[in-house]
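S.K.: The residues making up each chain are set out below.
Number of protein chains: 2
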Amino acid sequence: MKRLAALILSSFLCLSLMAQKGWYRDKTDPMPVINPDKTVTFRYYAPNADTVEVNGDFLSKAERPALMKNNGNGLWEYTTSKPVKPEIYTYSYIVDNQKVLDPLNMFVWRNISDLYNIFIIPGEKTDNYQIKDVPHGTVSAVWYSSPSLNMNRRMMVYTPAGYENSRKKYPVLYLLHGMGGDETAWLDFGRAAQILDNLIAKGDIKPMIVVMPNGNPSQEAAPLENSNGYNLPLFYLPKTMDGEFEASFTDITSFVEKNYRTIKKKSARAIAGLSMGGFHSLYISAYYPKMFGYVGLFSPAVSAQEESKDIPIYRDIDLEWKAQMEKSPPLYWIGIGNKDPLYQEVAALRKKFDLCAYPYTYYESEGGHVWTCWRIYLEEFTKLLFK
Amino acid sequence: MKRLAALILSSFLCLSLMAQKGWYRDKTDPMPVINPDKTVTFRYYAPNADTVEVNGDFLSKAERPALMKNNGNGLWEYTTSKPVKPEIYTYSYIVDNQKVLDPLNMFVWRNISDLYNIFIIPGEKTDNYQIKDVPHGTVSAVWYSSPSLNMNRRMMVYTPAGYENSRKKYPVLYLLHGMGGDETAWLDFGRAAQILDNLIAKGDIKPMIVVMPNGNPSQEAAPLENSNGYNLPLFYLPKTMDGEFEASFTDITSFVEKNYRTIKKKSARAIAGLSMGGFHSLYISAYYPKMFGYVGLFSPAVSAQEESKDIPIYRDIDLEWKAQMEKSPPLYWIGIGNKDPLYQEVAALRKKFDLCAYPYTYYESEGGHVWTCWRIYLEEFTKLLFK
Numbered sequence: 000m001k002r003l004a005a006l007i008l009s010s011f012l013c014l015s016l017m018a019q020k021g022w023y024r025d026k027t028d029p030m031p032v033i034n035p036d037k038t039v040t041f042r043y044y045a046p047n048a049d050t051v052e053v054n055g056d057f058l059s060k061a062e063r064p065a066l067m068k069n070n071g072n073g074l075w076e077y078t079t080s081k082p083v084k085p086e087i088y089t090y091s092y093i094v095d096n097q098k099v100l101d102p103l104n105m106f107v108w109r110n111i112s113d114l115y116n117i118f119i120i121p122g123e124k125t126d127n128y129q130i131k132d133v134p135h136g137t138v139s140a141v142w143y144s145s146p147s148l149n150m151n152r153r154m155m156v157y158t159p160a161g162y163e164n165s166r167k168k169y170p171v172l173y174l175l176h177g178m179g180g181d182e183t184a185w186l187d188f189g190r191a192a193q194i195l196d197n198l199i200a201k202g203d204i205k206p207m208i209v210v211m212p213n214g215n216p217s218q219e220a221a222p223l224e225n226s227n228g229y230n231l232p233l234f235y236l237p238k239t240m241d242g243e244f245e246a247s248f249t250d251i252t253s254f255v256e257k258n259y260r261t262i263k264k265k266s267a268r269a270i271a272g273l274s275m276g277g278f279h280s281l282y283i284s285a286y287y288p289k290m291f292g293y294v295g296l297f298s299p300a301v302s303a304q305e306e307s308k309d310i311p312i313y314r315d316i317d318l319e320w321k322a323q324m325e326k327s328p329p330l331y332w333i334g335i336g337n338k339d340p341l342y343q344e345v346a347a348l349r350k351k352f353d354l355c356a357y358p359y360t361y362y363e364s365e366g367g368h369v370w371t372c373w374r375i376y377l378e379e380f381t382k383l384l385f386k
Numbered sequence: 000m001k002r003l004a005a006l007i008l009s010s011f012l013c014l015s016l017m018a019q020k021g022w023y024r025d026k027t028d029p030m031p032v033i034n035p036d037k038t039v040t041f042r043y044y045a046p047n048a049d050t051v052e053v054n055g056d057f058l059s060k061a062e063r064p065a066l067m068k069n070n071g072n073g074l075w076e077y078t079t080s081k082p083v084k085p086e087i088y089t090y091s092y093i094v095d096n097q098k099v100l101d102p103l104n105m106f107v108w109r110n111i112s113d114l115y116n117i118f119i120i121p122g123e124k125t126d127n128y129q130i131k132d133v134p135h136g137t138v139s140a141v142w143y144s145s146p147s148l149n150m151n152r153r154m155m156v157y158t159p160a161g162y163e164n165s166r167k168k169y170p171v172l173y174l175l176h177g178m179g180g181d182e183t184a185w186l187d188f189g190r191a192a193q194i195l196d197n198l199i200a201k202g203d204i205k206p207m208i209v210v211m212p213n214g215n216p217s218q219e220a221a222p223l224e225n226s227n228g229y230n231l232p233l234f235y236l237p238k239t240m241d242g243e244f245e246a247s248f249t250d251i252t253s254f255v256e257k258n259y260r261t262i263k264k265k266s267a268r269a270i271a272g273l274s275m276g277g278f279h280s281l282y283i284s285a286y287y288p289k290m291f292g293y294v295g296l297f298s299p300a301v302s303a304q305e306e307s308k309d310i311p312i313y314r315d316i317d318l319e320w321k322a323q324m325e326k327s328p329p330l331y332w333i334g335i336g337n338k339d340p341l342y343q344e345v346a347a348l349r350k351k352f353d354l355c356a357y358p359y360t361y362y363e364s365e366g367g368h369v370w371t372c373w374r375i376y377l378e379e380f381t382k383l384l385f386k
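These protein sequences, in sequence, are chains A and B. For the first sequence, the positions run 0 to 386 when numbering that gives the first Met the number 0 is used. For the second sequence, the positions run 0 to 386 when numbering that gives the first Met the number 0 is used.
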């Protein structure tokens with residue numbers, strides 16, 4: 000058995016063992032180090048570097064990136080100036096101006112073509128983001144045909160615990176990502192499966208199916224999962240906000256309603272999204288006013304379409320809103336952070352809705368245009384669904 | 000829209016933009032660079048480093064790791080001495096003795112607690128490893144209850160294209176990972192979903208369900224997907240080869256046969272695994288002789304249990320084999336590479352089988368104890384299944 004272990008290690012080039020000739024640390028401990036006082040210590044070994052910095056959303060904007068200090072042995076260190084609040088954070092190092100990952104932390108998430116290390120500060124806030132001993136839903140990568148876009152496309156589908164063992168029908172939340180994201184974003188950064196598992200287990204939300212499509216109509220699926228192979232993805236994908244995705248949305252709903260045990264009623268369908276996904280949700284729910292009883296706009300990029308005024312789905316929005324709001328949807332929910340650069344844009348939308356006496360629920364949080372907010376919005380929004 | 004793009008970039012710390020102050024390259028091009036003559040060029044920017052090396056399975060053992068050359072501007076370069084054959088390869092850099100990932104390539108796979116960059120050389124060999132325009136199966140992360148191990152555990156399940164749209168029943172292949180792996184290994188390193196999709200589309204294999212459980216009985220699920228949170232996993236997990244996983248296997252088959260449309264016959268069940276998973280497959284198929292018609296041992300760690308002789312499931316194997324082989328399973332398949340350190344062990348097993356006149360199919364490939372072989376074995380083995 001020991002012989003087998005040695006063999007396996009050697010077949011993986013022994014990189015783990017040689018990784019830390021200059022400095023070693025028990026690799027089963029999490030990195031970075033969360034100290035008893037909840038400050039966090041980062042360490043990076045780079046004996047010849049001129050500068051090593053650490054960057055991440057655990058730092059305030061003014062602190063970013065933070066210069067680390069060489070302890071004399073080539074080990075650069077940085078400890079946060081104060082305790083770090085419970086949250087999931089992303090970070091990376093900058094060695095002589097080049098971004099690199101933490102060689103001692105294999106937990107990474109991908110955003111577009113960049114990877115970020117992650118760490119978590121446990122606490123009440125992050126409790127729902129963790130995998131706990133509760134019944135777990137199934138998460139599936141599912142391909143569907145999109146005749147409108149003339150391609151096969153991938154979506155992620157969360158079915159709640161118990162779905163497989165029953166004949167029950169479930170309501171459906173369609174949950175959309177932002178620009179630069181794809182069908183995997185809500186599961187990684189958004190902790191959607193964990194949040195759903197935990198809130199359902201507590202009885203805080205109704206069991207529901209959550210469908211996470213890919214909102215980039217020029218892309219079949221996330222990078223490496225599409226036929227573009229190992230070419231790196233563009234940050235700005237074409238056609239994300241030209242009305243095509245919104246118009247093709249019934250390809251998604253048709254597939255889901257055909258293949259899953261769903262309740263086929265407006266009162267059992269919700270759509271929500273963040274940033275560009277909020278923009279998509281706004282227009283899709285207005286364009287198909289009989290479809291969605293529940294709408295959630297999370298930090299929505301309300302006027303992202305401004306360069307494309309001639310697209311009917313965008314041009315006729317005022318009329319569409321009127322038709323949508325006359326039917327009194329059970330919930331039209333708008334969430335935004337008080338430091339979000341889109342704050343004024345959302346304020347203008349609210350003003351318009353107020354003028355027209357359109358009903359909506361408004362949720363303002365601390366924070367900017369970041370996942371820290373969107374994870375909270377997912378919790379707050381799902382608690383109001385399908386009641 | 001441009002404003003939105005700028006906003007999204009800024010909310011991700013602008014790390015992409017500042018990543019390459021010293022050197023920049025179009026990030027949509029794949030890294031490393033595959034030259035027209037199929038040599039491969041690696042570049043790493045590290046102006047202050049004493050040494051930069053590149054390591055990976057594209058190099059021969061004698062070449063590993065390869066020293067890179069500083070071009071004078073801080074950019075270290077290495078071009079392979081000869082064309083690199085079509086395959087998927089893993090690589091990483093070693094900067095002043097510390098392993099780091101390629102900052103310009105976000106395609107990574109995880110092995111235990113280490114990440115490796117990957118690149119592909121296209122060609123006939125790798126054709127089935129790519130995502131092509133063929134019908135795609137669904138890949139699901141599914142939790143099941145394991146009463147024998149007293150825990151909820153995760154498995155990955157591949158259902159072939161068309162599964163959702165039919166009432167058909169399917170045969171099932173149980174596909175097991177090796178030591179240090181988990182339920183994700185066959186999907187990442189093994190390209191199982193792509194291989195299945197492509198071989199089914201060509202009509203080379205029968206449509207089948209593929210179940211990939213987690214073979215480490217002390218672990219509910221892969222790292223980050225289990226309740227161990229952000230603690231890094233051990234390389235050597237306890238209880239992987241003490242008979243508990245093998246004895247608990249009916250928890251898995253029961254769940255699958257209850258929740259999927261399977262053909263519930265020995266002739267429609269296969270089990271295969273690599274290294275430790277080959278060991279598991281050997282003992283599980285012998286311990287449950289009525290269960291599996293098809294058995295595949297890929298570079299099996301035949302005698303990995305040697306320290307635990309008193310476990311009945313291992314101790315009684317000769318009797319179990321006799322019972323298993325008397326029933327003439329339609330296929331007992333053994334594959335091994337001619338450079339695999341387990342070659343002699345497998346030769347001893349074959350000798351034993353030959354002495355007893357047990358029928359088996361033997362497949363010997365070029366290569367060692369590596370995924371390059373196991374991907375081929377998956378193709379060769381599945382072509383023989385359920386005929």
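Careful, some of the hints might be misleading.
Which copy? The list can't say, so a pair holds if one copy fits it or any two copies do.
[As the list claims (entries may be wrong)] Listed below are the simulated DSS-like cross-link pairs for lysine-lysine, each with C-alpha atoms no more than 25 Å apart in a straight line:
id : residue 1 : residue 2
1  : K167      : K257
2  : K382      : K37
3  : K289      : K81
4  : K238      : K131
5  : K131      : K265
6  : K289      : K264
7  : K60       : K289
8  : K338      : K264
9  : K37       : K289
10 : K263      : K321
11 : K68       : K131
12 : K257      : K168
13 : K124      : K265
Please keep in mind that the hints were generated in silico from the structure rather than gathered at the bench. Every value quoted in this text rests on a predicted model; they were computed, and no experiment measured them.
S.K.: Take the hints in turn and mark each one as holding or not.
M.R.: Going down the list of hints, with the structure as the test:
Taking the closest pair of Cα atoms, K167 and K257 come within 25 Å of each other both inside a single copy (15 Å) and across two copies (17 Å). In this assembly of identical chains, the alpha carbons of K382 and K37 never lie at most 25 Å apart, being 30 Å within a copy and 55 Å across copies at closest. Taking the shortest alpha-carbon separations for K289 and K81, neither the intra-copy value of 51 Å nor the inter-copy value of 62 Å comes in at or below 25 Å. Proximity of K238 to K131 under the C-alpha cut-off of 25 Å is restricted to the inter-copy arrangement: shortest distance 22 Å between copies versus 39 Å within a copy.
For the homomeric pair K131 and K265, neither the shortest alpha-carbon distance inside one copy (32 Å) nor that between copies (36 Å) is at most 25 Å. With identical chains, the CA atoms of K289 and K264 are at most 25 Å apart within one copy only, with a shortest distance of 9 Å there and 47 Å across copies. Proximity of K60 to K289 under the C-alpha cut-off of 25 Å is found in neither arrangement, the shortest distances being 43 Å within a copy and 64 Å between copies. With identical chains, the CA atoms of K338 and K264 are never at most 25 Å apart, being 37 Å at best within one copy and 61 Å at best between copies.
Neither within a single protomer nor between protomers do K37 and K289 lie at most 25 Å apart by alpha-carbon distance, with minima of 50 Å and 56 Å respectively. Within a single copy, K263 and K321 get their C-alpha atoms as close as 24 Å, which meets the 25 Å cut-off; across copies the closest is 56 Å, which misses it. Proximity of K68 to K131 under the C-alpha cut-off of 25 Å is found in neither arrangement, the shortest distances being 37 Å within a copy and 49 Å between copies. Taking identical chains as interchangeable, the C-alpha atoms of K257 and K168 lie at most 25 Å apart whether they share a chain (12 Å) or sit on different chains (19 Å).
In the homo-oligomer, the alpha carbons of K124 and K265 never lie at most 25 Å apart, since the shortest distance is 32 Å inside one protomer and 49 Å across protomers.
Hint compliance for this structure: hints 2, 3, 5, 7, 8, 9, 11 and 13 are broken, all remaining hints hold.
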